[in-house]
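Knowing the structure of chain A, use the given hints to seat chain B on it.
Residue numbers (the working numbering), protein chains in the order written: chain A, 135 to 490; chain B, 47 to 418.
Honestly, I wouldn't trust all of these hints.
Said to hold, decoys possible - Sample of chain A residues facing chain B (criterion: CB under 10 Å; computed from the structure): (1) S180; (2) L189; (3) L192; (4) Q287; (5) H290; (6) G294; (7) D323; (8) L331; (9) A356; (10) I362; (11) F380; (12) A382; (13) D405; (14) I417.
Bear in mind the hints are in silico, worked out from the structure with no lab data behind them.
Cβ coordinates follow ideal geometry from the N, Cα and C atoms, glycine included.
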Amino acid sequence: MSAAEPLLRVEDLRVEFPSEDGVVHAVDGITYQVFAGRTLGIVGESGSGKTVSSLTALGLTRRQGARISGRILFDGKDLLTLPEDKMRAVRGNDIAMIFQDPLSSLHPLYKVGRQLTEAVRAHRDVSKAVARARAVELLGLVGIPDPARRVDQYPHEFSGGMRQRVMIAMALANEPKLLFADEPTTALDVTVQAQILALMERLQQELGMAIVMITHDLGVVAEMADDIAVMYAGRIVETASAAQLFAAPEHPYTWGLLKSIPRLDAPRDEDLVPIPGTPPSLINPPSGCHFHPRCPYSQPDHERIDPVLEPVPGEPQHHVACLLESGVRRSLWAQLREGSTPQEALAAVGAGEPAA
Amino acid sequence: MSGPESTSTPFGESASELPSVAQATPTTATDGGGDGPLVRVRELVKHFPITRGIIVQRKVGAVQAVDNVSFEITRGETLGLVGETGCGKSTTARLITRLLDATSGEIDFDGQDITRLKGASLKAIRREVQMIFQDPYSSLNPRKTIGSIIGEPFAIHGLLPDKGERKREVQRLMETVGLNPEHYNRYPHEFSGGQRQRIGVARALALAPKLLIADEPVSALDVSIQAQVLNLLRDLQRRFGLTIVFIAHDLSVVRHMCDRVAVMYLGKIVEIGGGDELYRFPRHPYTGALLAAVPHADPSRHGEQRSILGGDVPSPANPPSACRFHTRCPKAQELCSQQEPLLEDKGSGTRVACHFPLTREEATQIGVRSGG
Numbered sequence: 135m136s137a138a139e140p141l142l143r144v145e146d147l148r149v150e151f152p153s154e155d156g157v158v159h160a161v162d163g164i165t166y167q168v169f170a171g172r173t174l175g176i177v178g179e180s181g182s183g184k185t186v187s188s189l190t191a192l193g194l195t196r197r198q199g200a201r202i203s204g205r206i207l208f209d210g211k212d213l214l215t216l217p218e219d220k221m222r223a224v225r226g227n228d229i230a231m232i233f234q235d236p237l238s239s240l241h242p243l244y245k246v247g248r249q250l251t252e253a254v255r256a257h258r259d260v261s262k263a264v265a266r267a268r269a270v271e272l273l274g275l276v277g278i279p280d281p282a283r284r285v286d287q288y289p290h291e292f293s294g295g296m297r298q299r300v301m302i303a304m305a306l307a308n309e310p311k312l313l314f315a316d317e318p319t320t321a322l323d324v325t326v327q328a329q330i331l332a333l334m335e336r337l338q339q340e341l342g343m344a345i346v347m348i349t350h351d352l353g354v355v356a357e358m359a360d361d362i363a364v365m366y367a368g369r370i371v372e373t374a375s376a377a378q379l380f381a382a383p384e385h386p387y388t389w390g391l392l393k394s395i396p397r398l399d400a401p402r403d404e405d406l407v408p409i410p411g412t413p414p415s416l417i418n419p420p421s422g423c424h425f426h427p428r429c430p431y432s433q434p435d436h437e438r439i440d441p442v443l444e445p446v447p448g449e450p451q452h453h454v455a456c457l458l459e460s461g462v463r464r465s466l467w468a469q470l471r472e473g474s475t476p477q478e479a480l481a482a483v484g485a486g487e488p489a490a
Numbered sequence: 047m048s049g050p051e052s053t054s055t056p057f058g059e060s061a062s063e064l065p066s067v068a069q070a071t072p073t074t075a076t077d078g079g080g081d082g083p084l085v086r087v088r089e090l091v092k093h094f095p096i097t098r099g100i101i102v103q104r105k106v107g108a109v110q111a112v113d114n115v116s117f118e119i120t121r122g123e124t125l126g127l128v129g130e131t132g133c134g135k136s137t138t139a140r141l142i143t144r145l146l147d148a149t150s151g152e153i154d155f156d157g158q159d160i161t162r163l164k165g166a167s168l169k170a171i172r173r174e175v176q177m178i179f180q181d182p183y184s185s186l187n188p189r190k191t192i193g194s195i196i197g198e199p200f201a202i203h204g205l206l207p208d209k210g211e212r213k214r215e216v217q218r219l220m221e222t223v224g225l226n227p228e229h230y231n232r233y234p235h236e237f238s239g240g241q242r243q244r245i246g247v248a249r250a251l252a253l254a255p256k257l258l259i260a261d262e263p264v265s266a267l268d269v270s271i272q273a274q275v276l277n278l279l280r281d282l283q284r285r286f287g288l289t290i291v292f293i294a295h296d297l298s299v300v301r302h303m304c305d306r307v308a309v310m311y312l313g314k315i316v317e318i319g320g321g322d323e324l325y326r327f328p329r330h331p332y333t334g335a336l337l338a339a340v341p342h343a344d345p346s347r348h349g350e351q352r353s354i355l356g357g358d359v360p361s362p363a364n365p366p367s368a369c370r371f372h373t374r375c376p377k378a379q380e381l382c383s384q385q386e387p388l389l390e391d392k393g394s395g396t397r398v399a400c401h402f403p404l405t406r407e408e409a410t411q412i413g414v415r416s417g418g
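Isolated chain A (complex conformation) (with noise of 0.2 Å):
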């Protein structure tokens, strides 16, 4: 690893959808990096912004009228400020991104081994020959057996696990330095989740891309991102290192979700605790900390104050944004991790001295 120069840098990205309704604050003043060769872990809901802020990235959000500000640094470059016809040739080169439903994203009429002869030559001046023979190698090298002729195949000739793995090879083609992965294996059932899994973690290392992984499944981050951004109403709401975010989390939110999932490794008869209300609305996004209305612990000027992303103290690599003092959040998790519901843990550390 090249000293601790990222390949990608968002910084105090704001992405805006004006709408019938008023403005949609989709994305609103996030930072993040990414290393080469590592994989950053974007957990969230629907509508935190997580999907938003990598299409902005790749330049998609620009033809829907979205108002961008910040910066978004790739190897230099500040991506915000490429013409489209520059952003072109970085989208699908150095920068790509594999969706969700594969059979949405592939063209149905056209034979795979076509679309993906049609990635390599968008930015390479390679004859069609050369060209197929890169599809083919690309097949293979996703795992799809038999690769010489299941090129000339249709994308309704292929399970839905074979379809990921064609849009995987199609986002290769270009050996992109950077993948943008948003959902990748949502669709897919448990065991070729796995498999998926397993062939980009392979190839990561193989080719060594970074990748940003979009998902709201928090098994799947854990298995795969070195480091977690947690967002919340377009915010981000905590980062960590893989081990330190499920170890020791620091935001109400992040206790919520690892509490409302059902977990193999937990005892069975375990009570979930749901996290109570909905997600906001983000033409209205909440006052103050935006998840105020739904934190078992907020406090009166909760609404008021808009929390920053700060260190965790005697955690540099850890950020939070929480309005809680530290001390009372540890102890807050410590009652938490031991299975007692907000308001017990609320009624523990309230009597006792707030220290962990």
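Same frame as chain A, now just chain B:
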């Protein structure tokens, strides 16, 4: 089928002999039917014909969606049906609800053979079996108030004709599932996904069914909302002693919700047993592969050895011979492609259809990591 459906029109039957629904909420299975299992499915088969031709259709084959499946559902239990896309779990549920007709086999519900019921007697059974669907956006009529959506089962079955009475009952149901009864006159679009799923649950409970079938009830919901609906279902199950068939592809959710679990592969049950036993010590290599594939929300286990099942599910129109899993099974031997294994007890608490079931060491080795 040439059944004379017309002898009793769906709405022409007499509502007079239906019991009063003053207590339309499920009561702990007190009424008749005895102590036997609530549902007994025997050698159930469902084949969907594959046809060629537009004007003259010829049958050229059949998708064997459910093939010779037998199991029982005990009163008051939650039975999980798991398996990958196309394994037949939803088809099995639809056969039990009689939304589909079986090709052959037998379904007993509450001591009565319902496999070929028609007309009024079918409608009577439909009161007893209700469904909750996956997508709370498409399963509610956007033009109806939620009061009339939840009250619709009463209308269909000619119950509670008095408007005030029906409204009171609907509002009681709304309260039961955690909705504000004052929202009686609102429309579905005013509710979030989780609340819509509650509306679906209230509608399913309206007629105090004996059996509730939940087909992927949370997979369309956001993570933070899923737990709300799962807790509601578990709470209702405990309060009213409901019998539930819970269909899901998420194995962690199924483990959390179900007393017993049946694992299906290509139209067959390959393993069935108590949730604890099946998750702790899966015997069928396919069950083991499914459990090993579940990603864990614990990065400290990252890099732990586990085996990944290769290949794809074969076509159900042309399934492999004998044991249908043999083409992907790491333990397969010659016998597996020649002789179909029977579903039987192998001494560890589950019944498994496998000639060479996993040993304890193998189960651990392939990466089954569920806790006690």
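- Quick one, is the D405 (chain A) hint okay against chain B at 10 Å, beta carbons? Holds, about 7 Å.
- Item | A382 (chain A) as chain B interface residue, shortest Cβ-Cβ below 10 Å | Interface hint status for A382 (chain A): violated (12 Å vs cutoff 10 Å).
- Item | Cut-off 10 Å, beta-carbon criterion: hint that G294 (chain A) touches chain B | Given a least distance of 7 Å, the restraint on G294 (chain A) holds.
- Have a go at the D323 (chain A) hint: is there a Cβ in chain B nearer than 10 Å to its own Cβ? holds, 4 Å
- Going by Cβ atoms only, is I417 (chain A) closer than 10 Å to chain B? violated, 15 Å
- For the hint on A356 (chain A), just tell me whether its beta-carbon gets within less than 10 Å of chain B. holds, 5 Å
- Item | L189 (chain A) as an interface hint toward chain B, with CB separation required under 10 Å | violated, 20 Å
- Message: Given a cut of 10 Å on the nearest C-beta pair, is the interface hint for L192 (chain A) held or broken against chain B?
- Response: violated, 25 Å
- Message: Hint S180 (chain A) vs chain B: min CB-CB distance below 10 Å?
- Response: For S180 (chain A), the interface hint holds, since the closest Cβ of chain B sits about 6 Å away, which is under 10 Å.
- Hint check, F380 (chain A) versus chain B [nearest Cβ-Cβ separation less than 10 Å]: Holds, about 5 Å.
- Task: Would you check whether I362 (chain A) satisfies its interface hint, that is, whether its CB is within less than 10 Å of any CB in chain B?
- Result: Given a least distance of 9 Å, the restraint on I362 (chain A) holds.
- Message: Next item in the hint list is H290 (chain A). Is there a CB on chain B closer than 10 Å to its CB?
- Response: Status violated, d = 14 Å.
When the structure is compared with the earlier hints, violations turn up for hints 2, 3, 4, 5, 12 and 14 and for no others.
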